[in-house]
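2 protein chains.
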Amino acid sequence: MDTYEKIIGLAKRRGFLWNSFELYGGTAGFYDYGPLGATMKRRIENIWRDIYVIGEGFYEIETPTIGIEPVFVASGHVHGFSDPMIVCSGCDSAFRADHLIEGIVEIPDTLSAPEIKQLIDKHDIKCPQCGEVGMFGDVFDFNLMFKTTIGPGTQRMGYLRPETAQGMFINFDRLFRFYREKLPFGVTQIGKAYRNEISPRQGVIRLREFTQAEAEIFINPRDKSHPRFSTVKNTVIRFYPASHQQNASEGNSGDGDKGIIELTVGDAVDRGIVAHEFLAYHLVMTNLFLTRAGIDPARLRFRQHQPDEMAHYAVDCWDAEVLTDRFGWVEVVGIADRTDYDLSSHAKHSQHDLSAVLEYDTPKQVEQIVVKPDMSLIGPLYKDKAGKVLAALKNLEEDDLSGDKISITVDGEEILIPHDVVEYETVIKEVRGENVVPHVIEPSFGIDRTIYAVLEHSFAEELVDKETRNVLRLPPEVAPVQVAVLPLLTREELINPAAEIVEMLRKSGIFVSYDDTGTIGRRYRRNDEIGTPFSVTIDYDTLDDGTVTIRDRDSMAQVRVQIGELAERINAMMRSGFDSP
Amino acid sequence: MDTYEKIIGLAKRRGFLWNSFELYGGTAGFYDYGPLGATMKRRIENIWRDIYVIGEGFYEIETPTIGIEPVFVASGHVHGFSDPMIVCSGCDSAFRADHLIEGIVEIPDTLSAPEIKQLIDKHDIKCPQCGEVGMFGDVFDFNLMFKTTIGPGTQRMGYLRPETAQGMFINFDRLFRFYREKLPFGVTQIGKAYRNEISPRQGVIRLREFTQAEAEIFINPRDKSHPRFSTVKNTVIRFYPASHQQNASEGNSGDGDKGIIELTVGDAVDRGIVAHEFLAYHLVMTNLFLTRAGIDPARLRFRQHQPDEMAHYAVDCWDAEVLTDRFGWVEVVGIADRTDYDLSSHAKHSQHDLSAVLEYDTPKQVEQIVVKPDMSLIGPLYKDKAGKVLAALKNLEEDDLSGDKISITVDGEEILIPHDVVEYETVIKEVRGENVVPHVIEPSFGIDRTIYAVLEHSFAEELVDKETRNVLRLPPEVAPVQVAVLPLLTREELINPAAEIVEMLRKSGIFVSYDDTGTIGRRYRRNDEIGTPFSVTIDYDTLDDGTVTIRDRDSMAQVRVQIGELAERINAMMRSGFDSP
Numbered sequence: 026m027d028t029y030e031k032i033i034g035l036a037k038r039r040g041f042l043w044n045s046f047e048l049y050g051g052t053a054g055f056y057d058y059g060p061l062g063a064t065m066k067r068r069i070e071n072i073w074r075d076i077y078v079i080g081e082g083f084y085e086i087e088t089p090t091i092g093i094e095p096v097f098v099a100s101g102h103v104h105g106f107s108d109p110m111i112v113c114s115g116c117d118s119a120f121r122a123d124h125l126i127e128g129i130v131e132i133p134d135t136l137s138a139p140e141i142k143q144l145i146d147k148h149d150i151k152c153p154q155c156g157e158v159g160m161f162g163d164v165f166d167f168n169l170m171f172k173t174t175i176g177p178g179t180q181r182m183g184y185l186r187p188e189t190a191q192g193m194f195i196n197f198d199r200l201f202r203f204y205r206e207k208l209p210f211g212v213t214q215i216g217k218a219y220r221n222e223i224s225p226r227q228g229v230i231r232l233r234e235f236t237q238a239e240a241e242i243f244i245n246p247r248d249k250s251h252p253r254f255s256t257v258k259n260t261v262i263r264f265y266p267a268s269h270q271q272n273a274s275e276g277n278s279g280d281g282d283k284g285i286i287e288l289t290v291g292d293a294v295d296r297g298i299v300a301h302e303f304l305a306y307h308l309v310m311t312n313l314f315l316t317r318a319g320i321d322p323a324r325l326r327f328r329q330h331q332p333d334e335m336a337h338y339a340v341d342c343w344d345a346e347v348l349t350d351r352f353g354w355v356e357v358v359g360i361a362d363r364t365d366y367d368l369s370s371h372a373k374h375s376q377h378d379l380s381a382v383l384e385y386d387t388p389k390q391v392e393q394i395v396v397k398p399d400m401s402l403i404g405p406l407y408k409d410k411a412g413k414v415l416a417a418l419k420n421l422e423e424d425d426l427s428g429d430k431i432s433i434t435v436d437g438e439e440i441l442i443p444h445d446v447v448e449y450e451t452v453i454k455e456v457r458g459e460n461v462v463p464h465v466i467e468p469s470f471g472i473d474r475t476i477y478a479v480l481e482h483s484f485a486e487e488l489v490d491k492e493t494r495n496v497l498r499l500p501p502e503v504a505p506v507q508v509a510v511l512p513l514l515t516r517e518e519l520i521n522p523a524a525e526i527v528e529m530l531r532k533s534g535i536f537v538s539y540d541d542t543g544t545i546g547r548r549y550r551r552n553d554e555i556g557t558p559f560s561v562t563i564d565y566d567t568l569d570d571g572t573v574t575i576r577d578r579d580s581m582a583q584v585r586v587q588i589g590e591l592a593e594r595i596n597a598m599m600r601s602g603f604d605s606p
Numbered sequence: 026m027d028t029y030e031k032i033i034g035l036a037k038r039r040g041f042l043w044n045s046f047e048l049y050g051g052t053a054g055f056y057d058y059g060p061l062g063a064t065m066k067r068r069i070e071n072i073w074r075d076i077y078v079i080g081e082g083f084y085e086i087e088t089p090t091i092g093i094e095p096v097f098v099a100s101g102h103v104h105g106f107s108d109p110m111i112v113c114s115g116c117d118s119a120f121r122a123d124h125l126i127e128g129i130v131e132i133p134d135t136l137s138a139p140e141i142k143q144l145i146d147k148h149d150i151k152c153p154q155c156g157e158v159g160m161f162g163d164v165f166d167f168n169l170m171f172k173t174t175i176g177p178g179t180q181r182m183g184y185l186r187p188e189t190a191q192g193m194f195i196n197f198d199r200l201f202r203f204y205r206e207k208l209p210f211g212v213t214q215i216g217k218a219y220r221n222e223i224s225p226r227q228g229v230i231r232l233r234e235f236t237q238a239e240a241e242i243f244i245n246p247r248d249k250s251h252p253r254f255s256t257v258k259n260t261v262i263r264f265y266p267a268s269h270q271q272n273a274s275e276g277n278s279g280d281g282d283k284g285i286i287e288l289t290v291g292d293a294v295d296r297g298i299v300a301h302e303f304l305a306y307h308l309v310m311t312n313l314f315l316t317r318a319g320i321d322p323a324r325l326r327f328r329q330h331q332p333d334e335m336a337h338y339a340v341d342c343w344d345a346e347v348l349t350d351r352f353g354w355v356e357v358v359g360i361a362d363r364t365d366y367d368l369s370s371h372a373k374h375s376q377h378d379l380s381a382v383l384e385y386d387t388p389k390q391v392e393q394i395v396v397k398p399d400m401s402l403i404g405p406l407y408k409d410k411a412g413k414v415l416a417a418l419k420n421l422e423e424d425d426l427s428g429d430k431i432s433i434t435v436d437g438e439e440i441l442i443p444h445d446v447v448e449y450e451t452v453i454k455e456v457r458g459e460n461v462v463p464h465v466i467e468p469s470f471g472i473d474r475t476i477y478a479v480l481e482h483s484f485a486e487e488l489v490d491k492e493t494r495n496v497l498r499l500p501p502e503v504a505p506v507q508v509a510v511l512p513l514l515t516r517e518e519l520i521n522p523a524a525e526i527v528e529m530l531r532k533s534g535i536f537v538s539y540d541d542t543g544t545i546g547r548r549y550r551r552n553d554e555i556g557t558p559f560s561v562t563i564d565y566d567t568l569d570d571g572t573v574t575i576r577d578r579d580s581m582a583q584v585r586v587q588i589g590e591l592a593e594r595i596n597a598m599m600r601s602g603f604d605s606p
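Protein sequences appear in the order of chains B and E.
Start counting the first sequence at 26; every next residue gets the next number (this note's numbering).
Start counting the second sequence at 26; every next residue gets the next number (this note's numbering).
If you're looking for bench data, these hints aren't it; they were derived computationally from the structure.
We treat Cβ as the ideally placed atom computed from N, Cα and C, and that holds for glycine.
Worth double-checking, as some hints may not be accurate.
[Unchecked claim] Where chain E lies over chain B, by a calculated footprint (3+ residues, C-beta under 8 Å):
1. 406-412
2. 446-454
[Said to hold, decoys possible] Computed far set for chain B versus chain E, every beta-carbon distance over 10 Å:
3. Asp57
4. Gly105
5. Met110
6. Asp163
7. Gly178
8. Ser250
9. Ser255
10. Thr260
11. Gln271
12. Arg498
13. Asp569
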């Protein structure tokens, strides 16, 4: 049994993760969060909010999971969000074509569809389902968005969003106004996103429905410094720069620390490893979030995209990757400078201006030539069109006046106006600032993979009293149950004070469970396995001297405290560790 | 301008609610939560969690928004979740057929499709879109689930869930085990649900994508008392019982308090108005949640379903309704005793036992007659089938032995066994308990409608200094911004201490905004309009004596306090109101 099987086994048994729809046979790519899993997920999302929404001041918004077609035409998803697919005519099974040649070429995802097919034929690749050779059809692109119809009939095509980001981009102008038209500003969204995988086979790592937490930060393209960079520049991060990567397939192999360098982000920017301060600042925020959520820092690296791996418009892109036992290094976060790609594309497709005015410190006085049409000449020349000609002439910019004749468009028809029917005038215009399309810095988090990795990184098996104990060393702010209250025996005189302690701890904001079945040893083990950091035991000494035992999950050490100071002590331990004063 | 327009106008202008996809022309039935709206939504969801998850101890789970077909066949949605639809052949527009005859019959939703069509024809109903008469086709059922396909091809039909409930029902056996196989237990889910409305025309009241918060509480069908009923029985609730309703259409008219009676829930149960304690307890919880979220108690009532309005399996069903200016009484919560309908249906369709064992206090000894087949007779009689006959006989229950001959089925074929080839024996069996399918109590909350109603109920226009001020009197725990920090003037000597105060208040867990543009009066108004309960002003006295002003949104009264005690005072005011000590 490998670690993945152990974690998924524990997660299923104890109510963290369940295969969805198992009552009806299930379907690949869907997982339920059970009671403990959903609680842990909520806590991890709240840490993310604490860092991005409260800490950075990026308000959260919530936009629909269903989107209309024009949004995803502009974003590029309707035409470009696909995987190469192949179908075996022997058994009708569909596969990711590039996955079939993973052992043969190093970077299968840079090949074209015919190239993949050729390799499959040449190497006599067997159908993974029925084992037949030579029964594959052509390779074609399968769009990964779930499709649906909005309203009756075929009224309106809808797609389940492949990322939460687009809901933020298309609200840029409203958000810009909300933030009083100043750059930079950030906005966030936590919610479901969808990817209709052809044939997902990696359990909880590759889901068809998953949760993203994304921030879109709109910045001045002329200034990518970060106002608070000095506060983070000495943070050391484990970088895996593009130049250190032998080949891209290494990105997913489990070969430990090869090629990773530890460096302060200040140095990384100075040496040109990270493109600029703004991106580097968000590598630090990502590092902070992941380690606070319980990712082992020694199993975390930031891998830079290779130039041919990055989207054509991106300036620089880094993935936070976590090391897992079965899947090697797995991407959990992408942090990219997406430039003005998204806003420019939506501006073009929607025909709305999505630029920002960058105000000068003091308005500039600019000389400009403007046209003054002579109505006594234009009237007779253009008759009933004269009014429209006049209006068109007044709208012209200086650049439009340079040719032999002046070109205007009236009712869709081009009209060339001789220079002698207009006069020119030089005016002084005050320009408040410059129009720019903001650039976007995007940290995009996969919450489900993060949760799996936190479970794996916090899992340990230890031999205690000749028995194996499973323990999840989850940080107290992540553990679903924070304190277990355990009467030593199932006797009324112990159960009653235990119930009072449960009530008292709950009132102080601690998430408590109560358990009185089985031996105390078994109950400790049950709580170790779900990561409960502290257990409080009520015994006969409690009745004598009003003290209870606090037991530490990790060290299994115990300390006696007065009931009166229990809530305070537990809260201190949750912040600073066991037995902190 | 009616109240709805005012609220939506304010909500749009200030970043609470936006029409989705407006950049691309929009689509009916979808709304975005802007920065303030999403913050308020999060707070209202957290109040719900505080009551149901923490208070009641109902763990939250999270299941996919996409579901597979068998789930919704069993739930009845594939065949029964539809609205009657009609299409005008003049303009191709689709309509809810029952909506077209709303003025003609009192309860259009009890009519059959042909009956609706007959009425439309008889009354010469015009097409609301093109105005033509007599161009309508037949009335047919339009299924309201969004459909999609999971994976490539037509591999697997998927539906966007019409309610979060089914994800909890199909996990019953896992949840039952999680709760150590004891009844009652509850489980909750907050998440998106979908309803592909034919032609939604009620703005934010009728959404195609919306947020539900649902609790499913599995209880002993033999005992519907509630263990904590005594703690709530004196709570007074505004009941609108079925017997007080003249006709069902009254359910949506705005005729004030007609038919409403105020009664303690204890009395309501005693008089048989509410079916049982368990349901009544959850009416109280619903009342608690809605009023804490900011619903005006005088515009809230609990309307009982009419017998012909309720699902056939339900025992009793109540809707919490809120009074709105444009739409009259609007349902925001449904609280139903769904009996064993859901679990029995899933048990039948999945062929899994979904019952619970209700343990007796002490196991019962039961006498039972069992059959002892005589192999020396059966062997020769049934030859090569003898083994299977033997096995079938051993599986028989006492009841199967009463007829003239004993009937068994072997390989699909009935075989009648004469009584003389078997012997009988009386055995004593220990029975631990009784198998029952639990009943389900379901409070189901519409979060979006609740948010709209809270905005409307908290909205007021007041004449202050001859100007109208808009104010949202939101409860402090619901207001998106809790404190606005305002330096009196945009001068460095005031801005710097203001920035320190922002930092200090944030650290104490308060959500703070900072605003230094415009006159102080305008800034107060801006904050009144978004419901900020308290503003803190920094002026020149602050520099002299270290005090700041706290201004109360509702009374506009002000009090000066020392900066050192500011956080504590604000926190006290958030709990107990302005100027509380």
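Structure-based check of each hint:
Residues of the region 406-412 of chain B with a Cβ under 8 Å from some Cβ of chain E number 0, which does not satisfy the need for three, so the listed coverage is violated. Chain E is given as covering the region 446-454 of chain B, and this is violated because 0 residues of the stretch bring a CB closer than 8 Å to a CB of that chain, at least three being needed. Against the 10 Å criterion, Asp57 (chain B) falls within the reach of chain E, whose nearest CB is about 5 Å from its own CB. With a least beta-carbon separation of about 17 Å from chain E, Gly105 (chain B) lies farther than 10 Å from that chain, consistent with its non-interface assignment.
With a cut of 10 Å on Cβ distances, Met110 (chain B) falls inside the contact zone with chain E, its closest approach being about 6 Å. No Cβ of chain E comes within 10 Å of the Cβ of Asp163 (chain B); the nearest lies about 14 Å off, and the non-interface call holds. Distance to chain E contradicts Gly178 (chain B) as a non-interface residue, since its nearest Cβ pair spans about 7 Å, not more than 10 Å. Taking the minimum C-beta to C-beta distance to chain E, about 20 Å, the non-interface status of Ser250 (chain B) holds against the 10 Å cut.
Residue placement check: Ser255 (chain B) keeps its beta carbon more than 10 Å from all beta carbons of chain E (closest about 17 Å). Remark: the non-interface label on Thr260 (chain B) is consistent with the geometry, its nearest Cβ contact in chain E lying 21 Å away (cut-off 10 Å). With a least beta-carbon separation of about 34 Å from chain E, Gln271 (chain B) lies farther than 10 Å from that chain, consistent with its non-interface assignment. Chain E leaves Arg498 (chain B) outside its interface by the beta-carbon criterion, the shortest separation being 22 Å against a cut-off of 10 Å.
Non-interface call for Asp569 (chain B) relative to chain E: holds, since the shortest CB-CB distance, roughly 31 Å, exceeds 10 Å.
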